[in-house]
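Read top to bottom, the protein sequences are chains A and B.
What the first sequence shows, in my numbering, is residues 960 to 1449, in sequence order.
What the second sequence shows, in my numbering, is residues 13 to 104, in sequence order.
Any given hint could turn out to be false.
As the list claims (entries may be wrong) - Simulated pairs of lysine-lysine, DSS-like, Cα-Cα distance not exceeding 30 Å: (1) K83/B <-> K59/B; (2) K31/B <-> K48/B; (3) K1018/A <-> K83/B; (4) K1424/A <-> K1233/A; (5) K1091/A <-> K1208/A; (6) K1427/A <-> K40/B; (7) K1052/A <-> K1018/A; (8) K48/B <-> K1424/A; (9) K1277/A <-> K67/B; (10) K14/B <-> K1011/A; (11) K1421/A <-> K67/B.
Stated by the list, open to error - Partial pick of chain A residues on the chain B-facing surface, computed with a CB cut under 10 Å: (12) P985; (13) A990; (14) V1002; (15) G1003; (16) L1006; (17) Y1016; (18) A1414.
No wet-lab data here; the hints were simulated from the structure.
Each residue gets a CB set at the ideal place from its N, CA and C atoms; glycine is no exception.
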Amino acid sequence: MSLLGKKFKGIEAFDQAANRTYQLLPSRFAALDDGRYLLSNEVGEYLVVDRKHLESYVKKQVPHDTDFYYDLKSKHFLFDDDSNVAIDLLALKYRTKAQRIAQFTALHLFVVSLRCDYSCQYCQVSRQTDDKVAFDMSEETADKALDLVFRSPSPAIKIEFQGGEPLLNFNLIQYIVKEARWRNLVHQRDLQFVITSNLSFLSDEVLSFCQEHNIQLSTSLDGPESLHNSNRPRPGKNSYQLTVDGIQKAQNFLGRDKIGALMTTTERSLSQVKAIIDTYLENNLDCIFLRPLSPYGFAIKNQQAQKYDVDRWFEFYKEGLDYILEINRQGHTFVEVYTQLIVNKLLSPFGQGYVDLQSPAGAAISAIVYNYDGDVYASDEARMLAEMGDKKFRLGNVHTESYEDIWLSDVLLDTLESSLSESLPMCSDCGFLPYCGTDPVYHYATQGDVVGNKALSGFCSKNMKIFKYVIRLLESDSDARDILLSWVRS
Amino acid sequence: MKTHELNFDVRVFSLDTVKRALYRFSDKCSFDIQLKDNDITVTLHVKTDEDLTSKIKNEVLDQDLRDTLSKETANIRTLILANAFSNTGLIQ
């Protein structure tokens, strides 16, 4: 009895708790909809509360014997005399969230050729030319870039081949894959390869090489035939047929999980989201990424980016997501990738890998681009901007600058410092901060300033709308919640 | 462009709180801010027909709560971050 008495507090100890005060833990809030707020803490745990509850929490007036108090305590919005373990747990979760910063650059994009058989209206970089010397990466440049790749401390390295059309320089892809694997015998990283291709030149030789070296393929599929052909013109006007034939061939040869597709939204896409999704289903693809049109390069020159605004794009996204949820309700698992990423961020300390939703931004410290001529850019968008004549985010050249020169350059450090959401106007106290990030290249391209005024920012407006919509689904639609959770459990 | 005037008592809301709230409306308005004795006077130059005064007043209330939350948790936030990175070799 006396032993029991030492182990367990008497009932009076619990009664006293009712009179104790509590301490607030770091948190932020943002308006969710009429009268409701999203309250989030430093590591992204959240509660949806009304104004009355929000005020009572901040003013430390929440009664101890209420469910709201226990919700606040269990999700680390407050601590009291009973337990201060919250601080240790928050530190642990914060460290998990921040782990990718210490791991450093994992994604290395090699632009092996700018040549392309397509002339897409939204493409910023490709060249229709037979001049191999002028627009193909050389082995010497690739070697120098590989020197930099293996200087990154990241335990996982992904090399992605981009273009133009990278298969037009397939010999160099073969060289880089073999050379990287050879060097990796010493470095022992988790080394992966991706080829981003329009599949026009997907031969059996290419497929066999992909199979031998476990290379993933990624292609572009913009939707049904008429839309795809109009967005992605090539001689012969058969880009859709070539792409879907290539997808099928790759699925049969390599397996369904070895090829994925990305879509680009243009003004013509906005009225046909269901048809776009149906095209993905018809081609046995398991997911789609409903992407907005990037505001860079030729997209701006063609006035494409200004033809539809964030509100119109959001209606497109919402209609698409609702349709995808309906498809899932009928028993077919099909994922919208951006939503999946956000749900992952909302419900776990993971899902931090997406370059656009990171603080500091992922520029060069998550992903970096080696252009065909050896120029190094902080992101693919930075390369696109350079093709339009603005080399603001060019970090150096593999032939003339060292690893230290590039990653410690003033351009990069200034950019990263300007991309810490925790210190940016409007971001620093925003409830969505743990899930969001900032994109310095986007804000530079659209506002001429790497920080940008978020009240004017399409990036901010788009993400706020998506966060609010996804949170409302999670909170008020149990069917949708089950589906969204199933996307992040696997 | 329409103009409206709003007044805030500096004993109730800090100038910083008012400015943070106004910044969020910088896509729709421009502002002149004056501080006289205990009054913060804000002249709004509104670019649209929208009536923003009540929205701005509510945003000032939100920013005031944010200010309380942020000041009260500043030390704990530093403690959590120091704790999070204590064994990583990233901080001295």
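Hint by hint, here is what the structure shows:
1. K83/B <-> K59/B: Violated. K83/B to K59/B sits at ~34 Å, over the 30 Å cutoff.
2. K31/B <-> K48/B: Given pair K31/B, K48/B holds - Cα atoms ~15 Å apart, limit 30 Å.
3. K1018/A <-> K83/B: Satisfied, since the Cα-Cα distance of roughly 13 Å is no more than 30 Å.
4. K1424/A <-> K1233/A: Holds, because 20 Å separates the two Cα atoms, which is no more than 30 Å.
5. K1091/A <-> K1208/A: 28 Å, holds
6. K1427/A <-> K40/B: 21 Å, holds
7. K1052/A <-> K1018/A: 26 Å, holds
8. K48/B <-> K1424/A: 39 Å, violated
9. K1277/A <-> K67/B: 26 Å, holds
10. K14/B <-> K1011/A: 34 Å, violated
11. K1421/A <-> K67/B: 21 Å, holds
12. P985: Given a least distance of 4 Å, the restraint on P985/A holds.
13. A990: 7 Å, holds
14. V1002: Result: holds, 9 Å to nearest chain B Cβ.
15. G1003: Violated. Min distance 13 Å.
16. L1006: 14 Å, violated
17. Y1016: Since the shortest Cβ distance to chain B is 9 Å, the answer is holds.
18. A1414: 4 Å, holds
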